[in-house]
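> Protein sequence lines correspond, in order, to chains A and B.
Sequential numbering of the first sequence, starting at 903, is according to this note's numbering.
Sequential numbering of the second sequence, starting at 903, is according to this note's numbering.
Hints are computed from structural coordinates only; laboratory data are not their basis.
Do not rely on the hints blindly, as some may be mistaken.
[What the hints assert, rightly or not] Not everything, but these chain A residues come out facing chain B in the computed CB check (under 10 Å): (1) L1012; (2) G1049; (3) C1050; (4) M1084; (5) A1085; (6) G1116; (7) N1121; (8) L1123; (9) E1127; (10) E1181; (11) M1195; (12) R1201; (13) T1202; (14) L1204.
[To be verified] According to the in silico footprint, chain B covers these stretches of chain A (three or more CB under 8 Å from chain B): (15) 1051-1058; (16) 1155-1161; (17) 1164-1177.
Glycine included, C-beta positions come from ideal geometry on N, C-alpha and C.
There are 2 protein chains.
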Amino acid sequence: MSRYPTTVSIREVGPRDGLQNEAIVPVAARVALIDALSGTGLARIEAVSFVSPTAIPPMAGAAEVMAAIERRPGVAYGALVPNLRGARDAIAAAVDEIEVVVSASETHNLRNVRQTVAESLGGIADVVALARPAGVAVEGIVSTAFGCPYEGDVAPERVAQIAGHLIDAGCTTLGFGDTTGMATPTRVEALLDALVTARVDLGCVGLHFHDTRGTALANVLAGLERGIARYDASIGGLGGCPYAPGASGNVVTEDLVHMLHDMGIATGVDLDRLIACAEQAQRLVERELPSAMLHAGPRTRLATR
Amino acid sequence: MSRYPTTVSIREVGPRDGLQNEAIVPVAARVALIDALSGTGLARIEAVSFVSPTAIPPMAGAAEVMAAIERRPGVAYGALVPNLRGARDAIAAAVDEIEVVVSASETHNLRNVRQTVAESLGGIADVVALARPAGVAVEGIVSTAFGCPYEGDVAPERVAQIAGHLIDAGCTTLGFGDTTGMATPTRVEALLDALVTARVDLGCVGLHFHDTRGTALANVLAGLERGIARYDASIGGLGGCPYAPGASGNVVTEDLVHMLHDMGIATGVDLDRLIACAEQAQRLVERELPSAMLHAGPRTRLATR
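Looking at chain A on its own, in the form it has when it is part of the complex (with noise of 0.2 Å):
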């Protein structure tokens, strides 16, 4: 018997994280992008954040998305949101689920939000009792997660107090984001072997990697390995853009579900439309997205000479 989980859930984060990171991509042919996605199986969607468009100019029109996307049954569309104001505006746009961060790291918080660790906490326990009572999910998300680009190393024992704050405020769930792609599998280890110390739950625990380094895939195995059923990807690997300087995309979808399905992992997710939603993805950004679906196919597509 695998000591894998039989069943993941795949959260798809290109729409967001992938496109803030990109050149901007019109209204339009973003909500395309997230009608084609909720087309594949997947059953979450990071579709937009509720920020400042003068502070993240590719997701200006959140509301707009929001607005003209088909609401497909059965999936939850997400929005970031940095603050109580963009909470209500995301609340007013009907999402399933808000998305909070904080930095494990303070000088990355700072340097991301000018605000102390402490400062994000308090502002979280606002959204989140703003969000709760609509019925608005609202996953805590700590990012830096695993290193810091400017502090370097983050003990787990930290990223675990700050998850413990966000599960005490009333998040729904927890992320935890290796936001510049400093995780190696022994770090997600060590991260989870805190977070059971800590007396988290790890069943609401999901991972956010990205592929900056090379080690995303492994880095789901680990996880993978102690059990962990949610992880956030973006698809095509939307993300990298050279206009982002430090930008790396997440883990690529459409190549995470390959290596899950073919390990006897269920996704829910349909691999070949995944791929032209990468190929849709592709074209949107128009330069080679790192994406190995798209370069090399499935291992079932065999050669026919």
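Mind docking chain B on chain A? Use the hints.
For chain B alone, coordinates are given in the frame of chain A:
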């Protein structure tokens, strides 16, 4: 305590398996690359193959390469040979190790060397009988060990059976090649299980992954989980040249070393020197190599602003 090996031995295959699938690189530049690689701490380098220069033009001049390289003490220089004639040439060139290959797939073996698997095994026995008395080690490599581009899945029991024949023939060590990148972690586990069942000593097993479908480092992790401590890798990820249809590079040496070191696994290799070699390799092929270390650098390289 970690369940991983404390030390891993990496065989650098870029000068052979990598450059074989690239545009032709002059002998002097190949010699310079091998000499740079032997200065990184790598203890095993697949330097050349003694094959027909008509069949594989980039590998022409194997004897010249072997004669011109600096033979650094402690480094084993290997050559792939397709037959007895190649083995004689390799021994005359004073290689430390000969590699012989047979495919686990009849179709692949027939297409690759126009022999049945049984015929190839017979030829390998002849090579071993020549090489071992001459004091040259012989690694028997089973290619398409995780899948065949023509036949599809390959039964692990079949691979283990061939491995048994290679041991019986007198091979010193065994290699298992994921020739076209069809391996995933559970297939690695299944093969290692089959080898154990067939009473093959896992201590003599090396794994050779191509990153065609993004799973190479995850596959390495699956091998590490089972205690496998020998891996092939290619500097810069050489070998994915568009001129060779279907070719795709091996797992990237510097990305593998980076992950292993961060996991507390020693390799004896200097990562900075290795990255310098990857830059050298990239200049040779005049295209962007898939190395994450070349793009992003090690995780220890912190942001300066």
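> With reference to the structure, classify each hint as holding or not holding.
Hint by hint, here is what the structure shows:
Residue-level restraint check for A:L1012 is violated (minimum Cβ-Cβ distance to chain B is 13 Å; threshold 10 Å). Because the closest C-beta pair between A:G1049 and chain B is about 6 Å apart, less than 10 Å, the hint holds. Proximity of A:C1050 to chain B holds as hinted, the smallest CB-CB distance being about 8 Å (cut-off 10 Å). For A:M1084, the interface hint holds, the least distance from its beta-carbon to any beta-carbon of chain B being 4 Å, beneath 10 Å.
For A:A1085, the suggested interface contact is upheld, since its CB lies about 8 Å from the closest CB of chain B, less than 10 Å. At about 4 Å, the closest approach between the beta carbon of A:G1116 and any beta carbon in chain B falls short of 10 Å, and the interface hint on this residue holds. Because the closest C-beta pair between A:N1121 and chain B is about 9 Å apart, less than 10 Å, the hint holds. Against a cut-off of 10 Å between C-beta atoms, the interface hint on A:L1123 holds, since the closest Cβ of chain B lies about 5 Å away.
Of the supplied interface hints, the one on A:E1127 holds, with its beta-carbon coming within about 8 Å of a beta-carbon of chain B, less than 10 Å. Below 10 Å, beta-carbon pairs count as interface contacts, and A:E1181 has none with chain B, the closest being about 17 Å; its hint is therefore violated. Taking 10 Å as the C-beta contact cut-off toward chain B, the hint placing A:M1195 at the interface holds, the least distance being around 7 Å. Residue-level restraint check for A:R1201 holds (minimum Cβ-Cβ distance to chain B is 4 Å; threshold 10 Å).
Below 10 Å, beta-carbon pairs count as interface contacts, and A:T1202 has one with chain B at about 7 Å; its hint therefore holds. This hint holds: A:L1204 has a C-beta 6 Å from the nearest C-beta of chain B, less than the 10 Å allowed. Residues of the segment 1051-1058 of chain A with a Cβ under 8 Å from some Cβ of chain B number 4, which satisfies the need for three, so the listed coverage holds. Counting residues of the segment 1155-1161 of chain A whose beta carbon lies closer than 8 Å to any beta carbon of chain B gives 3, which reaches the threshold of three, so the coverage claim holds.
Requiring three or more residues with a Cβ within less than 8 Å of a Cβ of chain B, the coverage given for the segment 1164-1177 of chain A holds, as 3 such residues are present.
Hints 1, 10, counting from the list given before, are not met by this structure.
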